[in-house]
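Novice: Residues per chain are reported as follows:
Number of protein chains: 2
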Amino acid sequence: MGWFGDTNLIFIDYNGGMSEQNPNIYAATIFVANLVRSGLKTAVISPGSRSTPLTLACEAHPDLEVVLQLDERSAGFFALGRALVTDRPVALICTSGTAAANYFPAIVEAYMSHVPLLVLTSDRPHELRHSGANQTIDQVKMFGGHVLDAYDLSVPSAVDTELVWRNVATTAVRAYATANGVRKGAVQVNFPFRKPLQPAEAAEWLRTRQDRVVPEIRPQTTVAVGSLFPNREQAEYLTQLINRNERGIIVCGPRCPSGDFPAVVSRFAQACGYPIFADPISHVRFGPHALSAPIISGYETWLNGQEPDWESPDVVIRFGAVPTSKWLNDYLAKIEPHTRLHVRGSGVWADDSHLTSQFWQVDELALCRLVQSMIARQPAAWFQQTLAWEDRNWERLTAVMPEQTFDIPLVQTILDHLPERVNFFVGNSLPIRHVDQFGRSRADDWRVYANRGASGIDGVVSSALGMGTAEPDVPAVLLIGDVSFFHDMNGLLLAKESPNLTIVLLNNDGGGIFNRLPIAQFGEPFERLFTTQHGLDYRHVAALYGLRYTAVRTEDELKQALSDAWGAGARIVEVFTDNGVDEGLRRALIGNWRQV
Amino acid sequence: MGWFGDTNLIFIDYNGGMSEQNPNIYAATIFVANLVRSGLKTAVISPGSRSTPLTLACEAHPDLEVVLQLDERSAGFFALGRALVTDRPVALICTSGTAAANYFPAIVEAYMSHVPLLVLTSDRPHELRHSGANQTIDQVKMFGGHVLDAYDLSVPSAVDTELVWRNVATTAVRAYATANGVRKGAVQVNFPFRKPLQPAEAAEWLRTRQDRVVPEIRPQTTVAVGSLFPNREQAEYLTQLINRNERGIIVCGPRCPSGDFPAVVSRFAQACGYPIFADPISHVRFGPHALSAPIISGYETWLNGQEPDWESPDVVIRFGAVPTSKWLNDYLAKIEPHTRLHVRGSGVWADDSHLTSQFWQVDELALCRLVQSMIARQPAAWFQQTLAWEDRNWERLTAVMPEQTFDIPLVQTILDHLPERVNFFVGNSLPIRHVDQFGRSRADDWRVYANRGASGIDGVVSSALGMGTAEPDVPAVLLIGDVSFFHDMNGLLLAKESPNLTIVLLNNDGGGIFNRLPIAQFGEPFERLFTTQHGLDYRHVAALYGLRYTAVRTEDELKQALSDAWGAGARIVEVFTDNGVDEGLRRALIGNWRQV
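Going down the list, the protein sequences come from chains W and S.
Whatever position you read off the first sequence (first residue = 1), add 1 for my numbering.
Whatever position you read off the second sequence (first residue = 1), add 1 for my numbering.
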């Protein structure tokens, strides 16, 4: 397979290796070697005692990056952010007990947004379970239906036969393949280890580590998955649908396929003469392909509670998850196209309006490429009108933008100052909605990420750090609200590992999203119970983690802070806003826009 | 029932109340009213939108304390700490999505240490589940086997019949009773709410709130559980066992029954002529009853890897969970008494040596009281010798205590300076082991708590705050290590609610517990992978949360800091130690002690 092609490894056979070793470490070494052979690059370890065999196996492997994070909740989200960018599984390793329970939020998000994770939980042996033994909980299938699979291995033993070691090897390969399969997500492998946990002989272990010994695996199992290629009938049906319908739109939601999809779907849309409504985290709204793609990105303003001034489409073709924009979703539910086709390779339903007429689990890229070549129709006037509408939207929005400093122009300033190539993580609640509404499509190579599987405000700092460290040479930006930032300050323990990261912290002292909710009219109890005022001065957080810190209250200060930021070390740029004012101005903005 | 006896409530009937109300709020109000009628005093709410009906119902109830904590993980542990002290359920309320997943660590601890919690998770209605809808995950039974029960209610509706409202009422009563039952733990109730979530009419809701309207519940269901009273055969068997055996010991592990148990078991032990090996969190080691009780508290030193100089017991009677002390457990597993009786009202097995000969699920207090009156034997010489051994242990330990400042004398200093009445929370890893080894039994009314169900280092700060706020007039102390402190710094958001709390932070820069592990011999990789150095300066954390802060490096400084502490506002006293030195001195101390 060539995975070890460029490293200097010594392979040992099962029996030869086992005779001198602690069976726990032997099993862990086989397991880790097979994960790396399958493609694993990174293990995020939260230190502990019971996980000693896995920790040592990871540390000794020459081709594995080891990241340490004390807080398992943050570790989980760090791995998630890394896997979001690299699109390959990241391993998590922890000790026994509640340590593993702290992974749960990240595992749920991984399940919902199809991010591959390998959750390697260390456990006590079976004789200590259900017995009141220290730090021993029921870890078997502890994440329920939120993982794609859950294994509980046997306790490694010096009398285990080669069948057991082969099972350890194939479990690693299969767990990796499942996490990274047609539908991606987390897989738990639970490792009961009986003491002793440390190497039988220190000098021998250190020599092994020095010599980069990796146990030989016989057979060197691999798992391969084919492509869900569309059949001829599907291709012909879709071609005819497009040929016969001038008014159609393509909706690219969050988590569209990675790789070439943005370019492929852009060419497909151009051939169809259908505009693409591109979610900010679809990876279709921003990027070099956008130069010539028919992308609509202003719909969050345009559709805001009012009928657009155009004829509604007869065909809606969807890719990815349910879009972030409430207004887009409401609009899609309100119109009456005769065909609503959702194409999703993962096979996971994503339509909470329950209006989809056809759901196809086929490879999105293959379908687009196949049909594009068969389409025989020129784009209609409707298509040009729609694209003109998009341009007009942005012109109007700029024209009516108030002079006052509030969070929307600040977000626009941030977007205007992003580097041409950036990894951009956007927090949930208000930031993602602002970027959705005010992030105009452009050809800059922006990769925008968010945790929109479960849309939690937890774990965002760590996810952004996972993203930032994935490509250390690319500037990385996190835009996050103050409550979400609070939730995962522990993630900052790894901030020094990501000197390319700038954290733009929008501080309105507590969950301004609630100003958008109907409950906002109820006065005092609302104030106390729904806005989440904390009164924290985050300068102290920057000091705690040794990060540069700049407080910003005006647009000019923001511009200055951002121009200082790139490539100059991890930093926090805190932007103070008043959400009560902001929400009023946002509404006025939309109202003014309508009157232009 | 008289629960509302001293408040001015207006009861309304089901139909009259419903006709004007949002059915979600109506259901939530019935549910909360029935929880309060069952005994609920406190709800810990993490703000969100979907939970609006539950939040409003809690806020409007005149007899319910509402605590707000933004981070659900910390909220879970705060509720756990409160319930540990009050021995009654505390409710947790959160919005939909990963919010609930953050409760998982506290729920696991609650399950393992039998702490009653009511986990009220808000959810989207069924038509939005499994559909890709925003912030919607599978919350049904999401905590698996780590809760005692899990309900998923129907979506409240304006056309619901009285049967549905009665079910809401009885579910509340039953969930409370289950959480607070023979075996305590967490119960999840999942509430799907369909929009709108706010009151139908603002003025009407505010009037209702003003007037303290609580819906009438018909019938006003109550659930009562009897006592697991021992039968005559059991009482006679145990009496004869004691009469016939002079050499017996009683082991009181963590989480012995609350209430009068310490006094009752002390009198029982005195009657038996059996010494009590009392765990630091048994509530038996410390307290006024200890004045005349035959308590052994020095065993962690005394039994440290060596045979004690006495005849081993023929009878071991155990109460509570598996003791904290590894040396005590090892000793108990090594000796060969002919009878090992474990008495545990909860019925939960707690013996990882699997040597118990009789396990009785009977009420511990009832059994002790019954048998005590039937015993007819004078304490033997062996009993007096054992107690003399305990005294000699402490004299020797004091004699050989090194002059050098290291963590053990510092822990002794802390113990010597605790107020006569204190709630004392002890962190896991090293602090609980130090208190176990060096906390000599005394008659001061110390209530000592720790999260020893799963022994996690997570959530300890919040648990201590839940403890501290439970009895605001009693001085509260948390002794915690620096890694555990890091894990739950977010808990400090509630520190201002507990001005009685002093946090004594033992900082050895990262998990010195690993110096006790065999892996410590392996040099550099050990240093990096197993000690958990973070390099954080916690003064910034004190500044962030507005807490007083004192750094301490000598015993005199510590004494001064502690004498300033009590009742003067929440504060952090950080004690700097060097764990490499400490562990060496601890070993020397035990060695020297043997030579005296």
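Hints are computed from structural coordinates only; laboratory data are not their basis.
Heads up, a few of these hints could be off.
BS3-like, lysine-lysine: derived pairs with alpha carbons at most 25 Å apart [to be verified]:
{"#": "1", "chain 1": "W", "residue 1": "K560", "chain 2": "W", "residue 2": "K497"}
{"#": "2", "chain 1": "S", "residue 1": "K142", "chain 2": "W", "residue 2": "K196"}
{"#": "3", "chain 1": "S", "residue 1": "K142", "chain 2": "W", "residue 2": "K142"}
Novice: Against the structure shown, which of the earlier numbered hints fail to hold, in ascending order?
Specialist: Checked against the structure, the only hint that fails is number 2, while the rest are satisfied.
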